[in-house]
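Chain order of the listed sequences is A and B. Residue 2 is where the first sequence starts when you use this note's numbering, and the numbers rise one by one after that. Residue 936 is where the second sequence starts when you use this note's numbering, and the numbers rise one by one after that.
Simulated from the structure, these hints should not be mistaken for laboratory data. For every residue, glycine included, the Cβ atom is placed at its ideal position computed from N, Cα and C. Be a bit skeptical, because a hint or two may be false.
With a Cα cut of at most 20 Å, we get these calculated EDC-like pairs of lysine to aspartate or glutamate [unchecked claim]:
#, chain 1, residue 1, chain 2, residue 2
1, A, LYS560, B, ASP1018
2, B, LYS957, A, ASP561
3, A, LYS104, A, ASP307
If you want the ones that stay clear, here's a sample from chain A, every Cβ over 10 Å from chain B, calculated [stated by the list, open to error]:
#, residue
4, THR99
5, CYS256
6, PRO545
7, LEU747
These are the residues of each chain, in order.
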Amino acid sequence: MKEKLILIGNGMAGMKTIEELIAKAPDRYDITVFGAEPHGNYNRIMLSPVLAGEKELHEIMINTTQWYQDNNIQLSIGNPVEKIDRAKKQVVAKDGTTVSYDKLMLATGSDPVIIPFPGHDLDGVVAFRDIKDVEMMVAAAKSSKKAVVIGGGLLGLEAANGLLKRGMEVTVVHLMDILMERQLDAVSAAMLKSELEEQGMKFLLGASTKSILGENGKVTGVSFKDGSSIDVDLVVMAVGVRPSIALAKDAGLDCERGIIVDDLMVTSDPDIVAVGECVEHRGDLYGLVAPLYEQGRVLANYLAGDKEPGAYTGSTVSTRLKVTGIDLFSSGDINGDDNTDEIIFRDPSRSVYKKLIIRNNQIQGAVLLGDAADGLWYLDLMKQKTDISDIRDTLLFGQSAIGGEASSSNTADMPMDKEICGCNGVKKQTIVDTILAKGLKTVEEVKAFTKAASSCGSCVNLVEGVLADTLGGEYVAISLKPLCGCTKLSSDDVRDEIKQNKLTTHAATYKSLNFSSSDGCPTCRQAINYYIHALWPAEHKENPQSRFINERVHANIQKDGTYSVIPRIFGGVTSPDQLRAIADIVDKYSIPEVKFTGGQRLTMLGVKKEDLPKVWADLGTHDMVSGHAYGKAMRTVKTCVGDKWCRFGTQSSEAMGVTLEELTWNVWTPHKYKLAVSGCPRNCAEATIKDFGVVGVDSGWELHVGGNGGIKVRETDLLVKVETTAQVEEYAAAFMQFYRKEARYLERTAPFIERVGIDYVKSRIVEDELGRKKLADEFKKAHKNSVDPWKEQIANGEGGHEFTPLYTVTQNKEKVA
Amino acid sequence: MNSWINIGRIEDIPRQGSRVVKTESSGDIAIFRTVSDSIYALNNKCPHKGGPISEGIVHGEQITCPLHNWTFDLATGEATGADKGATGHYPIKIEDGEIYLSLSVDYVQ
Ligand code: SRM
Ligand SMILES: Cc1cc2nc3c(=O)[nH]c(=O)nc-3n(C[C@H](O)[C@H](O)[C@H](O)COP(=O)(O)OP(=O)(O)OC[C@H]3O[C@@H](n4cnc5c(N)ncnc54)[C@H](O)[C@@H]3O)c2cc1C
Ligand code: SF4
Ligand code: FES
Chain A
2 MKEKLILIGN GMAGMKTIEE LIAKAPDRYD ITVFGAEPHG NYNRIMLSPV
52 LAGEKELHEI MINTTQWYQD NNIQLSIGNP VEKIDRAKKQ VVAKDGTTVS
102 YDKLMLATGS DPVIIPFPGH DLDGVVAFRD IKDVEMMVAA AKSSKKAVVI
152 GGGLLGLEAA NGLLKRGMEV TVVHLMDILM ERQLDAVSAA MLKSELEEQG
202 MKFLLGASTK SILGENGKVT GVSFKDGSSI DVDLVVMAVG VRPSIALAKD
252 AGLDCERGII VDDLMVTSDP DIVAVGECVE HRGDLYGLVA PLYEQGRVLA
302 NYLAGDKEPG AYTGSTVSTR LKVTGIDLFS SGDINGDDNT DEIIFRDPSR
352 SVYKKLIIRN NQIQGAVLLG DAADGLWYLD LMKQKTDISD IRDTLLFGQS
402 AIGGEASSSN TADMPMDKEI CGCNGVKKQT IVDTILAKGL KTVEEVKAFT
452 KAASSCGSCV NLVEGVLADT LGGEYVAISL KPLCGCTKLS SDDVRDEIKQ
502 NKLTTHAATY KSLNFSSSDG CPTCRQAINY YIHALWPAEH KENPQSRFIN
552 ERVHANIQKD GTYSVIPRIF GGVTSPDQLR AIADIVDKYS IPEVKFTGGQ
602 RLTMLGVKKE DLPKVWADLG THDMVSGHAY GKAMRTVKTC VGDKWCRFGT
652 QSSEAMGVTL EELTWNVWTP HKYKLAVSGC PRNCAEATIK DFGVVGVDSG
702 WELHVGGNGG IKVRETDLLV KVETTAQVEE YAAAFMQFYR KEARYLERTA
752 PFIERVGIDY VKSRIVEDEL GRKKLADEFK KAHKNSVDPW KEQIANGEGG
802 HEFTPLYTVT QNKEKVA
Chain B
936 MNSWINIGRI EDIPRQGSRV VKTESSGDIA IFRTVSDSIY ALNNKCPHKG
986 GPISEGIVHG EQITCPLHNW TFDLATGEAT GADKGATGHY PIKIEDGEIY
1036 LSLSVDYVQ
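Full structure from sequences and hints, please.
Quick look at the structure:
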């Protein structure tokens, strides 16, 4: 007969242990689970995003009741166990059910501390621990305006953030002068405070609550020991938790602050084990998921009868704050003492603060605010007790600063035994093996099979990176973010559907993909327009009303409603005729300003809308065409003078620039697209911050991709080195077509390449010669069909209504126009 | 004074688009035609920074300003979402496909 195992506490630690146990020894136990809450097992951590409205309750369930059935587990919910009879080896639940056990597991978690201030039992005082609390707060936020959160720790701030996002006015009351004093020092706490203040949160620090005020049994305010008080209608108490050990104590198990367990998680009764927040191990209590899951793994091994279950020896923990827009990491001893050194970096204008505490050349603690990308790396160094003397001078600049290449966000360079998911202790090796063994294709599948990124979610980018590295070209990146408010589908999903179902109109797309609105919103209208255009060029019928004004009237709208006109000046090489023509036009239409742009050409600023067609016509008589300065299209090809004049020039960069601009102009792209050609590696045309950069060297041309000079500067990656002009053209066309087809709308080449990886780009453009030629051909075809939009507009007068008023009302109401 | 001015036909405005009526007394007025052929008239001046809302994208019964994406309800001229503000709106009447505009302002900011 099978042994009987009972779990008390249907929470994160207990159920994790059960999951691991049945994976190892599916037939060993008859399992019964008792849960006090009336739900299946859910991801408690995610209550914060649920409160903030960023996630829904159904998204945070870990195991459905069906799952328990499928695994032959007896589940009793909303039914707390009230008594353990160790002599009879039985437990008695609230509804009277009595079940006997061979092994009993306690995972009762913690209870929130409610300080018994006068008024603590009023209606409108709530803790932040479970679904019921969140439901109560969400309901309160609908009808009430003001909330106080007592407690400025992690939970208090996440509660305050959630209520703020739900439209409440929130004040955080904290006894100390430092927020999150267990995780932050005075400087970082002050910086965090001011960032949260910017988001609208208010604070009363060093404030000692006296009582909660009420009327008719409902909260109306909070008063403080200094005599002051504030009016509120909701009080959230987030002052800490206390291990839930009453049941264990009653049963006579050894308890201190928690239930005492050994390194195998066995209590003072050999048949009773315990795991999670309710236990005390070697004098320590843990309140975060990562260490609890480590305990669970050892316990599962032990219960499965493993000969070498391993031993739980304690954990180094780290904390992140789950407030959108705030990047905070903290771990270990953050204040140090006389025998420690501090290494500190502080950039107040970027709100970045980093501090490491070092003892005997080992990291003891880390606080990162504003840029926490290297948190896991520091945690690793701490856990491994790595001697950092060799990297001490660059340590604070992160993993990317040592050895040049490796970066904490670059999963390809990470060693296989590197831990990717701290919560679930999943190593890169496990993820890679599981992807290959099970043929996984999406992040969701990786989450389901490996549990990585399924708890706090902060490693989801790393998991996506590992998936992309492992699958290479096969990987279809999924962005979980919906394209816009009209749909739940991501930008990628929408593009895939358009491709697979051959959707060639907006109306068909909206209908077949069940968008919530029949003509969408500005975001999806423009994105769908682009996808149809790029995927079904022959079928696509342009609907100007789904384009942004600039692309509709082929000019850039200015703050006063006038427009700028920028004619194309191929390769930046102009002529007296062009310059004269522009000068004449500026005079003729009284254009207020003419200026050299940063893209090596002239812009006429302040052109009236009704003059646009006339200005274009005049430019056309001098063979000047649209410069697409307004478009998601190729903008400019910047050049330097090159070997025609320059004493260092090795190649004809001017000529190459003109060739490339003629090849690539007038084709829509997901985002703007810029090129540059330099005649030698001095690189005066700044080719290495362009989408496609060409640099002449003695023996030919280096081709670079994915540069960006705008909001976030990114240097290009070297794609390949080639010798002839024809090769440069082929690569330029192929890469641009590849980008047109595979990038998301509004994704420039820099983020696109960061997402798919330069190796993938090389595999498609450099290594696959046939594929490259095919892409280049496709591009040339797309290009051949297009005519200068200005000329087109003038020739067919289509859209002419844009430039004339519908009607003009004069005093005597005669129709003038 | 509530006299109707015939400003043109529905087909003169592209579906999901707009045209401008110029007036001496009330400045530019944007006339919108939605996907379902409803016609609306709003003061062509965004309450945010004066952007010409006639140049925005029409979606549903709303218009999004081209300059900084404020979105307005076409029927009332009121900003939607988190933004607060409104632009004047004018009565419209359609007879046999002809659009009539009245210059009496329903809402003045
Ligand atoms: C006119 C010009 C500034 C000038 O007076 O020199 C300019 C003007 C504008 N830039 Fe620019 N950018 C101009 C060169 C640049 C450059 C320099 C360059 O190309 O070498 C950059 C950095 C290089 C780069 O793009 O990587 C640049 C990075 C941006 C960005 C940030 C893009 C990014 O990926 O981070 C924006 C915002 C955007 O596109 O979303 C922007 C957006 C704009 C817009 C379109 C803002 C807008 O939406 O109205 C401006 C329109 C002005 C107009 O009416 O034409 N502009 N802009 C330059 C036109 C070049 C041309 O001949 O077409
Ligand atoms: C809002 C919030 C945000 C958090 N954010 C993070 C975070 O970002 N990162 C992180 O690592 N941790 C976070 N935590 C902490 C984390 O959720 C807990 O450490 C973890 O859930 C503890 O697991 P546990 O199984 O020990 O306890 P629990 O998950 O609390 O499970 C215990 C369960 O036992 C039940 N129970 C108690 N007594 C009985 C009984 N007698 N009979 C039957 N059932 C009983 C309880 O009702 C409860 O459902 C957060 C916690 C909260 C509340
Ligand atoms: S940097 Fe570009 S976007 Fe900013 S003001 Fe200048 S032209 Fe406009
Ligand atoms: S002017 Fe209309 S949104 Fe700014």
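- [ ] May I ask which of the numbered hints given earlier this structure violates, with the numbers listed in increasing order?
- [x] Violated hint (a single one): 6; every other hint is consistent with the structure.
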